[in-house]
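Undergrad: As given, the protein sequences belong to chains E and C, one line each in that order. Heads up: the first sequence begins at 1126 in my numbering, then just goes up one per residue. Heads up: the second sequence begins at 1431 in my numbering, then just goes up one per residue.
Please note that the accuracy of each hint is not assured.
[What the hints assert, rightly or not] Covered by chain E, according to a simulated footprint, are these stretches of chain C (three or more residues, beta-carbon under 8 Å):
#1 1508-1519
#2 1522-1536
#3 1549-1563
#4 1631-1643
#5 1710-1721
#6 1727-1734
Think of the hints as simulated: they come from the structure by calculation, not from any bench. Where a beta carbon is used, it is the ideal one built from N, C-alpha and C, also for glycine.
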Amino acid sequence: MTVLNVVVQGLLLGGLYALYAVGLSLIFGVMRIVNLAHGDFSILAAFIALLVVDAFRLNPLVSLLAVVPVMFLVGFVLQRAILNLTLSGDEMRPILVTFGLSIIMQNALLETFTADSQGLDAGFIENSSITLTGDLAVGWFPLVIMGTAIVVITGLNFFLTRTQLGRAFRAASDDQEAVRLMGVNNQRVYALAMGISLAIVALAGVIMGIRTTFDPTSGPLRLIFAYETVIIGGLGSSWGTLLGGMILGVSQALGAYASPGWGVLAGHLVFLAVLALRPQGLLPKTANL
Amino acid sequence: MSEKRFDVIRATGGSRLALGFAALVVVVLATVPLWTDQSTPRTLVTLLTLIAISQMWNLLGGYAGLVSVGQQGYLGIGAYGLWLFADRLGVHPFLAVALAAVLAGLISIPTAGLVFRLHGGYFAIGTWVTAEVFRLIVANVRQTGGGSGVTITSVAQMETGTRMMGTYWLALLVAVGTVVAVYLLLRSRLGLALMAIRDNEPAVESLGINVFRAKLWAYIISAVGMGAAGAVIYLNLLRVQPSAAFSINWTAIMIFAVVIGGMGTIEGPIIGALIFFTLQETMAQYGSWYLITLGVIAVVVTVWFPGGIWGTLTKRWPISLFPVRRILRMSGRPGPGAAPLGEPQESVE
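Excised from the complex, chain E in its bound form (with noise of 0.2 Å):
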């Protein structure tokens, strides 16, 4: 594989990373909390998703019909019932809770599925490639996960500045009291927004089944990336969070294409380089959301 082969692939990963990231952006926009576990709730819908599979022989990718419907009801719940209640007062509590929930579910999930490496098949389309020149190909599915993601951002992006709920989401962030006041449900919007959060993880967590295997202890992990993507793009920046997925993904690549042990702690490297040099990340943008 030449040089270019690598950085290509590198890209295309970014769009994935993109995916993970604006979920974990959107609620720390929308009510300032990080989600722990937000890497350990898209291994949950991988394992959801295996079981779909298994059960009604689906494609993995129809099987998202289900399982991202889920995972928003999950974020749903968990926000209205557990996290509304942890936004008063110290705000340590949601950051504790959150890594509850992480270290819960890991191990829930090796107790109930073994600490067994799972993959999920989507057939032809994961190994059908376009080749482009002599010796550099594009596979057909890291283009749809790219196209997935700048569907998401847009869509994301229409949805907070267009649409009246969105408007809410922003206020949200901006003023919690004088939303209140002009008659918006917060602990609604807070639920819904988790609902969204998850729903795009979902999907991310899916689509990272196919392309690579997981098993129970992989969420710290895809966490740690979801942080890095959005900490170099800049907070609160969703074009800046593709450009951050983009920059760790050809770290990673680079890395490992030097030495195969290499390629995540490349793009640790990366990440502190960047917090070293330009804390607020290269994109980064002054209002909250």
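Based on the hints, put chain C in the right spot on chain E.
TA: Positioned in the frame of chain E, the structure of chain C alone reads:
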């Protein structure tokens, strides 16, 4: 109107009694290897290091307001530091524990420079990334044994009795040391600053307190304690692997213990560690269910009983075994040598 006097109370009769009792417990614990079989000290090392790491996490999370989920990084550095100093550099293993702790403290300084740029939940994940970086570096370097790890030969070759006793006493020293260190630190000027920062950071900063420096000290001390505990844990286990020494489960253990016992108190982490230890010992045959159980309890406690066990108890009965607060009490009559009106005997720094 009679003259009013203000006194700053920093100890009560109960707390003096508790201090005496704690000293007695430590003395009894110190004699344990002399009158029990070999398995008891070995088991107690687990409990004592659990108390130490919980106490050190609480210093960050409970007092400095820094929720770190990357403290396993310093525990792993302690473990590999033990191997580095004892096996590669030929230092006596017991002395290597101290050097490993110092190494963890030194590495924490530049790390703090990076992660302190982040706040709240983003700080939490940032610390996690640094722990992952430490793990990946160790796992990818051939000299440290790579992913399969190393056996600490110099420790393994020690005479069993000496190793057991030494490890036990070191574990006791680290546990007592972390409790005493946090107690003294919190009664100092720096401790007052830390607690004030936790309660209202902008207000403290506006009073001219160097918030960054106060937090940095808490971070460094916590790393040193983690390093010492990590080294002692691996004196007991003998074989270090990056995936185990740098495991996120260490931090899960500390956080669950602190949250359940009572965050922001010295008593809480000790209670939490005892509960954790009991559950781990009794549920060991059921795989990771003890961790799930404790996680569920920790979530329930955080959402519905934020003070944890100790916080909920002291809300009903105002007791404090290790008082670190300054209580202002107004007395009707001036005591001998009492300060004049409005000026506390001991200045509230």
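Undergrad: Hint by hint, say whether it matches the structure.
TA: Going down the list of hints, with the structure as the test:
| no. | hint | verdict |
| --- | --- | --- |
| 1 | 1508-1519 | violated (count 0) |
| 2 | 1522-1536 | violated (count 0) |
| 3 | 1549-1563 | holds (count 11) |
| 4 | 1631-1643 | violated (count 0) |
| 5 | 1710-1721 | holds (count 4) |
| 6 | 1727-1734 | holds (count 5) |
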